[in-house]
Amino acid sequence: MDLYAFIPSGLSIVSAGGLVALSFFTSALTAAVGIGGGVVLLAVMASFLPPLVVLPVHGIVQLGSNGGRAVIMRPHIDWRITRYFILGSLVGVILAAKVFVILPVEVLRTLLGLFVLYAVWAPKLRPSSIPLAGFVPVGALTSFATMFIGGTGPLVSAFLSPERLGREKLVATHAACM
14 MDLYAFIPSG LSIVSAGGLV ALSFFTSALT AAVGIGGGVV LLAVMASFLP PLVVLPVHGI
74 VQLGSNGGRA VIMRPHIDWR ITRYFILGSL VGVILAAKVF VILPVEVLRT LLGLFVLYAV
134 WAPKLRPSSI PLAGFVPVGA LTSFATMFIG GTGPLVSAFL SPERLGREKL VATHAACM
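When we follow the working numbering, the leftmost residue of the sequence shown carries the number 14, and every step to the right adds one.
These aren't lab readings, by the way, just hints derived from the structure by calculation. It cannot be assumed that every hint is accurate.
Unchecked claim - Label pairs and their in silico Cβ distance ranges: (1) SER25 - ALA146: 43 to 53 Å; (2) LYS111 - LEU76: 18 to 28 Å; (3) GLU181 - ILE143: 13 to 23 Å; (4) ARG177 - TYR17: 45 to 55 Å; (5) ILE143 - ILE20: 35 to 45 Å; (6) PHE37 - PRO117: 28 to 38 Å.
The beta-carbon is built from N, C-alpha and C at its ideal position, and this holds for glycine as well.
Please take these sequences and the hints and turn them into a complete structure.
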């Protein structure tokens with residue numbers, strides 16, 4: 014198997030290795046703090062890779078990171094919230110897939126850049142406690158957005174209150190929803 018075939022054209026082996034190392038450290042950041050690594054990884058990857066490559070690669074890295082954390086913390090996942098969130102996610106992903114394929118690369122690049130700026134500079138969302146059924150639209154909207162901008166972990170996290178869940182349940186449920 015030729016490992017070089019997996020490296021996007023125009024990306025040096027040193028840059029690819031650096032991105033792999035960065036993905037490890039940003040996954041560790043998220044595991045330690047509960048959030049933030051995905052946006053950091055997304056911002057750095059957007060500096061090296063074209064937008065049509067950034068989102069799928071970021072998605073795979075996040076799937077591994079969040080999936081691993083969800084498996085390890087499985088006993089702490091709030092499945093009531095997760096079920097509602099997943100229902101909404103299915104709708105959001107199906108709708109976004111229909112839109113994503115028709116958008117020009119420049120629009121994707123602009124959306125990605127604006128999201129990184131928003132994530133850094135905008136005030137953090139702190140919605141009040143929402144009912145369980147409210148996680149259906151949260152799942153739909155954040156999953157729709159994920160298809161275009163990637164790291165929506167902070168948006169999802171804003172709806173999972175630590176007061177409602179406690180730290181372990183928050184981190185586990187967030188990982189399962191992502």
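Evaluated hints:
Taken as a hint, the range 43 to 53 Å holds for the pair SER25 and ALA146, whose Cβ atoms sit roughly 49 Å apart. Distance hint check for LYS111 and LEU76: the Cβ-Cβ separation is about 22 Å, which falls inside the suggested range of 18 to 28 Å. As the Cβ distance of GLU181 to ILE143 is approximately 21 Å, the hint placing it in 13 to 23 Å holds. Judged by the Cβ atoms, the range 45 to 55 Å given for ARG177 and TYR17 holds: they are separated by roughly 47 Å.
Between ILE143 and ILE20 the C-beta distance comes to about 43 Å, which sits within the given range of 35 to 45 Å. One distance hint, 28 to 38 Å for the beta-carbon pair PHE37 and PRO117, holds here, with the actual separation near 33 Å.
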